[in-house]
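Undergrad: Residue numbers (my numbering), protein chains in the order written: chain X, 1 to 437; chain F, 1001 to 1240.
Derived by calculation from the structure, the hints in this document are not laboratory data. Note that the structure is predicted; figures quoted are calculated from it, not measured. Certain hints may be false.
Quick list of the computed label-pair ranges, beta carbon to beta carbon [stated by the list, open to error]:
hint, chain 1, residue 1, chain 2, residue 2, range
1, X, 110, F, 1049, 57 to 65 Å
2, F, 1173, X, 180, 43 to 51 Å
3, X, 323, F, 1068, 20 to 28 Å
4, F, 1069, X, 326, 46 to 54 Å
5, X, 283, F, 1015, 50 to 58 Å
6, F, 1049, X, 334, 21 to 29 Å
Heads up, simulated EDC-like pairs for lysine to aspartate or glutamate below, C-alpha to C-alpha not over 16 Å straight-line [unchecked claim]:
hint, chain 1, residue 1, chain 2, residue 2
7, F, 1172, F, 1162
8, X, 102, F, 1104
9, X, 280, F, 1240
10, F, 1006, X, 258
11, X, 102, F, 1185
12, X, 312, X, 342
13, F, 1172, F, 1185
14, X, 71, F, 1030
15, F, 1016, F, 1088
Ideal placement from N, C-alpha and C gives every residue a C-beta, glycine not left out.
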Amino acid sequence: MEDSENLRREIIALTKKYYDSKFGSKKFEKGRDKVFYAGRVFDENELANLVDSSLDFWLTEGRYSEQFQAKLAGYLGVSDVTLVNSGSSANLIALSALTSPKLGSRALRPGDEVITVAAAFPSTVSPIVQLQLVPVFVDIELGTYNIMPERIRQALSPKTKAIMLAHTLGNPVNVDSVMEIVKERELWFVEDNCDALGSTYDGKLTGTFGHISTVSFYPAHHITTGEGGCVATNDENLARIAKSFRDWGRDCYCSGGENNTCGRRYSQQFGTLPYGYDHKYVYTHIGYNLKMTDLQAAIGAAQVEKLPSFVKARKANFARLYKGLARFEESLILPLATPKSDPAWFAFPISVRNNSRFSRKDLVSHLENNRIETRYLFCGNLLCQPAFQNIERRVIGDLSNTNFTMENTFFVGVYPGLTEEHIDYVIEKFEEFFKTL
Amino acid sequence: MANVRKISAEVTSVLKHSNEVCTLILRPLEPLPRFHPGQFLHLSLEAYDPTRQWPESRVFSIASSPLRSSSLRITLAVKGKYTRRMFDEIRQGSIVFLKLPYGDVSFEPNGRDKVLIAGGTGITPFVSFLEYILDVGVRAPVMLFYGVRSRDLIIYHELLEECSRKLELFSKLVFVENVPESDPEYQRGKLDIETILSRVRDAQGSDFYLSGPPLMIKSFEATLMAQSVTREQIFTDQWE
């Protein structure tokens, strides 16, 4: 029988060869190949890691999860990263963590208010509703598509306990304004960093300002594990609570396959359980099971190595596209980076101005007909969505900019899978559209 | 608790205190995660293969300041077959495998008065804290009560002396069972909770940290609670 390690090496070498054959570079054919708004970017290392992990057949969190967590924590400069099965789960876990009785009087309770925006992806707001908290919606700015900093104060009430915001399309929120209020009012700040991994504000990475932050590894995002996400924090207490909510709500923090790492498995008192009840089956939260598999983490461990180059590529694509479209600013609102920020753009948002001779539909149809993928700004105004129409909420002002983006905004891609050739083709098609007007 | 990491480390020094107790200095061969005074690690003699389960290991308090993370220190006491193997087999230059950090006990250098009560090698979880406050200073009184059978079993003597010299708010009383009555440096006899309480200026305003033999912890805990010290004020460091 051949040695399993030799066989493993042979399989990995073949996997790399397979990558070249199946996914090796292909030349972009204008008008025939689609210009996606996002997509997974990988090489033979992701494939090799995935196969390697499958040969371990560990399946649940294992060596690659540990590696991926450590690399991510190192990148963000935080003590704790908890891997989960999606960015949406990460948001649910992050906010759930703040409801823990372990936080005493600072724990969020039903009816407490959370300031957010309605121009959002649903899973930034859904956890607020799911946890019986009350979202308070503030309008956004056009251009940055982030919360209007000067309106946050108007949203405060005695019930305000947290601010939960996404850095829209990778563009950081005005962190100074948010943190000033967070500190002054001792609020929690949940930073939805799903679209912004690698963005900075005042030279510091987003995802490191809030008490707790989240990242998505869905293929459209900055790095991918297929499905996947994580919760990041520098607060070890919050990290342990988040892990508990992720792992069925249990109090024990042993990883899969481990026992008694705390050394007190049978010698603690919890609730009205008999003294010394097996800590593995003690539940201090009403939790979920939202763990990532080691197969996914294996992909992530290779992806995170590419993150700096991905961020660079996103910025370069954005800059090239911006330069190419600047001449159309009379008709289009082009994206505006938040002051003091350096975004790792998720995408390139564009709004068609009110006075234009064409509609968003006209422009989007032209692009789509030319195989350039577009997307609207997620939900538009979330409160117009069927599921959210009747939720309990407070709304500050008329959300006119939010409504404007629902009618006029869309985005195109700047992800690292796009080359200068792709970007130039997109610019060419914009030019073509404007010539026909 | 920071993300747990599994790392290898080289043993750079072995100091044998007796034929059952030694102190190891370990040089981590991979980056250490953040840890706090009072936390502990798992140590294994067997090479860790990441594709398999973590091998047999034993738990040891980290006995060095987190601010001196170029090395880790632990004190190993023989308790059974595996720790005997560790004591006999670990030499300078050995490679061992660690996973860390673990443990909820943590010491805040400021805030309430701290009363540290250690029986024998139970001193080790406090050592990390003492070294840490030497690094960062302390703004609340720290009293250490440390009991051993004989003078030669006092470990970390130099560190304790350094704390006495450099930290104004630190005080210690070492109980030694077999010591001449005339020795002014030590309190003759076993660790005694009544004596300890008589030395604590404000028991209700203090946090009590107990580390040592399980029977000692149990009995001291009961006495403290009988003296109106609440459960929330008592922190114990004990493993099964």
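Undergrad: Can you confirm whether the C-alpha distance between residue 280 of chain X and residue 1240 of chain F stays at or below 16 Å?
TA: Holds, at about 15 Å.
Undergrad: Given the hinted pair residue 312 of chain X and residue 342 of chain X, is their alpha-carbon gap at most 16 Å?
TA: Holds: residue 312 of chain X and residue 342 of chain X sit about 11 Å apart, inside 16 Å.
Undergrad: Mind checking the alpha carbons of residue 1172 of chain F and residue 1162 of chain F for me, to see if they're no more than 16 Å apart?
TA: Holds - the C-alpha atoms of residue 1162 of chain F and residue 1172 of chain F are around 12 Å apart, at most 16 Å.
Undergrad: Is the Cα-Cα distance between residue 1006 of chain F and residue 258 of chain X 16 Å or less?
TA: Within the cut-off at roughly 13 Å; holds.
Undergrad: Just to be careful, I want the Cα atoms of residue 102 of chain X and residue 1185 of chain F compared with a cutoff of 16 Å; is the pair within it?
TA: At roughly 44 Å apart (the allowed maximum being 16 Å), residue 1185 of chain F and residue 102 of chain X break the hint.
Undergrad: Does the beta carbon distance between residue 323 of chain X and residue 1068 of chain F stay inside 20 to 28 Å, or does it fall outside?
TA: violated (51 Å)
Undergrad: Checking one constraint from the list: CA of residue 71 of chain X to CA of residue 1030 of chain F, max 16 Å. Satisfied?
TA: holds (13 Å)
Undergrad: Can you let me know if the beta-carbon spacing of residue 1069 of chain F and residue 326 of chain X is within 46 to 54 Å?
TA: holds (50 Å)
Undergrad: Need the status of pair residue 1016 of chain F, residue 1088 of chain F: alpha-carbon distance at most 16 Å?
TA: holds (11 Å)
Undergrad: Take a quick look at whether residue 102 of chain X and residue 1104 of chain F sit within 16 Å of each other, Cα to Cα.
TA: holds (13 Å)
Undergrad: When you take the CB atoms of residue 110 of chain X and residue 1049 of chain F, is the distance between them in 57 to 65 Å?
TA: Because 48 Å falls outside the window, the suggested range is violated.
Undergrad: Regarding residue 1173 of chain F and residue 180 of chain X, is the given constraint of 43 to 51 Å on their beta-carbon distance met?
TA: holds (49 Å)
In this structure, the hints that do not hold are numbers 1, 3, 5, 6 and 11, in rising order.
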